[in-house]
Amino acid sequence: MKLNQYTVLGLLLAFGVSSCTKNFESYNTNSSSLSNAQTIAILPTAFGPLEQAIYADYQTAQNLNADGFAGFFMSPTPFKAAYDLNYFLIDGWDRNGFVDQYNQVMAPVSKIAATGVRTSEPAVWAVALILQVEAMDRVTDRFGPIPYSKAGTSVTAIAYDSQQQVYNEFFAQLDTAVANLSAYVSAHPGDTTQLGVNDLVYQGRYDKWWKYANSLRLRLAMRIVKADAATAQAQATKALSDPGGVLTTPADDAKFAQSAGRNNDIWLVASDYGDCRMNAALTSYMIGFKDPRLPVYASPATDPVAAAAATGGYEGIRIGINIASKDDYEGYSSPNTTTTFPRTAPQYLMSSAEVWFLKAEAALRGWSADNVQTDYETGINTSFQQWGVASGSYISDGSSTQTNYTDPKNAANNGPALSTITIKWDPAATQEAQLERIITQKWIAIYPDGQEAWADYRRTGYPRLFPVVNNNSGGTISTTTQIRRLDYPQSEYTTNAAAVNSAVSTLLGGPDAGGTRLWWDVAGKGNF
Amino acid sequence: MRLLPFRALQRSVQVLAVLLLVHTAYAQSDTAIKKAPPLISGTITNQNGEPLTQVTVSVKGTQSKALSDDKGAFQIAAGSNATLEFTHIGYAALDTSVTGTAMSIVMRQSQGELTEVVVTALGIRRSQPSLTYATQQISGDQLTNVKTDNMMNALNGKVAGLTVSPSASGVGGSAKVTLRGNRSANGNNQPLYVIDGIPISNANNANGQPGGTYGGTPDGGDGISNLNPDDIASISVLEGASAAALYGSQAQNGVILITTKKGRPGVTQINVSSSIFADQIAYKPKFQNSFGETTPTSVDSWGAAISGGHDNVNEFFRTGMNFTNSISLSGGSEKAQTYFSYANTDATGVQPTNKLFRNNLNLHETARMLKDKLTVDGNVSYITQKINNSPALGIYENPLTGLYLFPRGRDILPYKRHYLNADSTGFARQNWPINDGNLYQQNPWWILNEEPSVATRNRVLFNASLRYEIAPWLNIQARGNIDYINDNYEQDLHSGTLPIYNNNGNGNMTIKQQTTEQKYGDVIANFNIPIKNDDFKVSGLVGTSILDTKVTGNYITGDLSTPDFFTEGNIIASLAGLTSITTSPANQDVPPGGAATPFPVHNQIQSVFGELDLKYKEWLYLNGTGRNDWSSNLSFTPNESFFYPSAGLSVVLSELLKLPQAIDFAKVRGSFAQVGNTVPAYLTNIQNTQNAAGQLVFNTADAFRTLKPEKTNSWEIGTEWRFLNNRLDFTATLYKSNTRNQYFPIAPVTASLFSTGYVNAGNIQNKGIEVVVSYDVIRDRHFTWNTSLNGALNRNKIIDVDSKDSINTFVLTANGNNAYESHITKGGQYGDIYGYTLVRNASGQIVFNGDGSTANPYKPQQSSTYNLLGNPNPLYQLGWRNDFSIYKFAVSFLIDGKFGGKVLSLTQGIMDQYGVSQATGDARLKGGVAVNGVDATGKSVTVVTPQAWYEAIGGRNGISGEYMYSATVVRLREASIAYSLPIPPGFFKQIKLSLVGRNLAYFSKKAPFDPELTMSTGNGLSGVDVFNEPATRNFGFSLNASF
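Respectively, the protein sequence lines represent chains A and B. What the first sequence shows, in this note's numbering, is residues 1 to 528, in sequence order. What the second sequence shows, in this note's numbering, is residues 10001 to 11043, in sequence order.
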């Protein structure tokens, strides 16, 4: 019996101790996920989502703040008594404009880098870099200094870069992208196989990416003209003289197609959610200018009161007004989600029209030998072409100006016209008036990209926009100079506290508030 | 032998000896002493009419004793005015005077004494004195007396330290069960369920649990609700980690041990039970009837005065019915016993179209072979269940939003009768006048009839065990089970459903299929080392086990091509759910609010464990266990293998010391245990995936390969006393547990370029007291009264979240633009509710915007950040149960109370915003809302207009701090009256009729809903009501017959 006892116990222990854990790693490997080799094999398919991620959480990241601040849109929905559109900044919304671009663009780009593509397929890497610059430019222009050059180096604390450093990094990355693309295009002209149809912007056409990279450089260069004029001019000249060229016709436009279940964001917020309507600023200019693009941009008001009062049926909503109930303003003019922004409409990252206006401004500043008027008028015509509208005598209209805005439901929201600028080019006008004319037309042309339009407004002061009716910022944002930035997300203060506090005290140049100007938004400095 | 309670055994042996002597004495005295007292005979049965064998019958004041035989018959000599005492393990002792010479005695099971033999971890039976930790026992009767469609709800109020929160999801819904508080931020907080020693799966159906206040997919029941309560002999609740240590990882939240019924040798019995219950909603929201809709097209009721409103809610809810029928047959010989049962439950919920249909089939066989050395036991259960239209919770696709917010003064009846415009196509098919882009209300009857859902489950549970006695001191057993659960869920949204739920207007379909396969096996050697010195006993076990869980399935959702043609092939591929096809929302490994673990999931845990028990004389018991687990979920780390011990000590004072006569039993005990827990699958092995469009999706979580298992350290000390001839029973336990090394998905610094990181951190502490007192107030032959009180107090504290990474908050439920969040915050408590509060000045006055004019009325301001509003967990709980038996009647009632805690009603807030609630009507009738505030200029504000006030504070994203209510609730949980028909012995052994009720009355309830109900049985969403179905009141009738 003794033997039996030890045999049994021994067997048990042997069974236990030698427990067979050699399959554990295979159990803990998800068979519905990809192996490393599979990841590399389908790498190009990651680019569509990367392009689309630039508009991630569009409603909260851009539509309910930048698009409103730019005078394009206003929401009829009283989400809360106080929110971004009346200058009470909601962290839960604004944070998306920060976090998403790191998580959905920079993080995947770092994973793309980790596959070794930087050396194995430099042109693919160039596209990733361009997308990262496009995405992160939107972030730095919302918030100011951001963690950029040191991103990905730690999980607990990452220092911020000054906005100047960030812009310099952008330019350097565009240098790499342009070098890689030009090398590939000269070696394999016309080849689109690397990204192919996975690229929802250019279907793998690197010549177009090259143009886009140059155009992006031009946009960034113009942005910093007040803060660092020398770099601005140097980068603009570099962009305009690069053999790859810039976007010139709507066929060059950088816009991503919708894929599978993704919906056009304007359609989503305006038609599906009913949360987005036209801003009185844009309608007052376009009605005043008798702009033929208005029916393409917007739909007539459906609210009987608004429709009866509106000129031509279009009635926008002024920013920051009191809204008791969504019913009150939901029937004002909506973005045109029937023909212009249906569910499947592509979304623009950058248009050739914008580039013509950038070129016009560069010429105005004497950075190029272009004729300013030609660039300006080409910009307008390219925009009409982009939207498929005949421009008629639009560019020769020298008398129409912005109209007054009257809210048929509440006179407290009325706003007299702020601008007397006309459309027709006037070579005799002052440089300042010429800039206002360029930026005002650029503003109409780049609709609905409120992010870029808000940046132009902050940099140049144009177009002249109605101030908010209610300002709930508690004095941190001026109603007259309007909002200059968004607050850093609370999550930075909880997860990256030392870095963000140091950025606010040493890099931002003011309190972390909506009234603080960014580096390129130099207070008290004229445009010339 | 060691498995028998020693004192009982000893007593039996003594009694047997005495009896032999007595018998001998009588045999002699028949002739010798003529004056002997007359022989009294009789039969002893339990409440169910089953004969009780081995009952000790004694004549008070004498040495005269007898035992009942296997038919319950006894004979004893006693004078006509003598008092007989009947005692039996597990039954209340009974004193009765002699009546006649043929007595029929009914003995009642006792709460206190049922615990003499306790089923502990791995199904091991132990004597009560030897236990070093707290356990509580529930008899099968207590589950079946007042039936519920989820039997865990029947434990509510009956066990100290156990909290049951039923899900507000109609018939067949899940229940959230926690023992001694919540301890894990991300893991499961529910106990392990074990049947006959072997763990089973408590998997949710394919839908899982709602993840946020939006609601969406409804609950479809958990694993434990599938079982037939009539098959259960008893339940042991092992509250602490000490008790559960042998089960390892899964048992850190305690264990619910279920012992099923078996056949018994020599007794053939058929039981039939049948019950009918009616369910009604226990309360209704309060509406105003003085003001109508704002405008004819408005969704709000801020309009002109009306006279009287319609009771639209009455048009909706119905009386639910529950019919449960079950039959069981049991019997067998000394060598083999059989138990067979079948039950069916057919229930309808209070929301029309909500139905449950369940069949349970169970066969349990036990046999002894090889000269009784080998015991073979097998049990197979087959369960089918179908739940139609579980009520939705939350904002989306919930009929209650449309019902409650319907403009006052309007009659909803036309929309009930005519919810479908059959001659229309597309979105116009739904007949509903409300166009609400905020909550996306729909016609309630449209949702019921045109968005039907069905959740079906087929489950096979097979248990088997072999036990071989190698020597009197050594046996070896091998056991295993397979729990195979197949779930299907389908919801069909017909054409006419709002565009937010189907973009193209042709309808939308969701199909989820999930198969859970859990296999367990163990081999255990039990030993009892023979030692010469009788004072010492050394026993124990060594064993090894393997637990393997696989979940596979798929999940497809999308809009349809041909309208209302509900088949997978008709889902437009490009409109099918994108991310969802490869992810499971239902898997139990899904961290609440975190990323779903993709199908398939495969976990395996292998273990070796051992236990050593030392006993000295009858008063000292020392116990130690150790277990080592190997977890596949921790592969790729150096921490795949982890060990944890437990130790306990019990001193029986009543054996050690000479105590006063009134004390029958006294014991003190203490124990310490550590339990480890693994992490979810795949966290240590980050892989990329692709979406439905075939696009690569990078997994940007941090591939932490340093993850460690979670560890709970727990201490408990306790004492148990019995007084006054075992009539008074008292148990108290003090405990403290700390759960550390929890895995947290944290949001690292955004610029780290990791979207999620996993860290081991945290220290969540639970401390508490549990007390149980039971007293047999009256023990008379015709009248007994037992009263018992259980109380528990738990204090939860978050000592640390992740301070080393400067993270002090973990969000259990994110807001999703509804003003409710549930947090774990350093210094706070588990599940703290966060929301917006009113902006006040330094002296506490509300600061108003506006100037008080009609155009710009005073409006309160919302805080810019989320603030702590309260914690939903009760501070303490009490349950008071009384059982009476009066002749053939048995009466019992249970009152329980949960005291303290605060809960949030977003329902009330949203009703206020829309102007439909009574509060908004009363305020308008009074001409304003009285406030103590100031405006921006510092001018005092005392009255504000109701609309401005309620539209600002109310709503889904309003100032939710104004909608917090005390969670204290005291209720008449259960009441029953049973009558056993006086039937002559013969074909029927017993027929019992009962009138029973549950949740019959609230003695105190301050919130506008029942705070006990939960939106989710997961870790989040506790203490919030977002258009949840009201709690129900149930009453009914049941019949039990055995023959």
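Among these hints, one or two may not hold up.
Here are the simulated BS3-like pairs of lysine-lysine, each with C-alpha atoms no more than 25 angstroms apart in a straight line [stated by the list, open to error]:
1) Lys22(A) - Lys10708(B)
2) Lys10767(B) - Lys10859(B)
3) Lys150(A) - Lys10804(B)
4) Lys10859(B) - Lys409(A)
5) Lys10550(B) - Lys10617(B)
Restraint-style ranges between C-beta atoms, simulated for each label pair [to be verified]:
6) Thr10567(B) - Ala251(A): 25 to 33 angstroms
7) Pro342(A) - Ser10864(B): 51 to 59 angstroms
8) Gly10694(B) - Pro292(A): 38 to 46 angstroms
9) Ala497(A) - Ser10864(B): 14 to 22 angstroms
10) Thr311(A) - Thr10297(B): 20 to 28 angstroms
Worth flagging that the hints you see were computed from the coordinates, not collected in a lab. In this text, a Cβ means the ideal position worked out from N, Cα and C, and glycines have one as well.
Requested in this report: Would you pick out the hints that fail for this structure and give their numbers low to high?
Outcome: Result: hints 2, 5, 6, 7 break, sorted rising.
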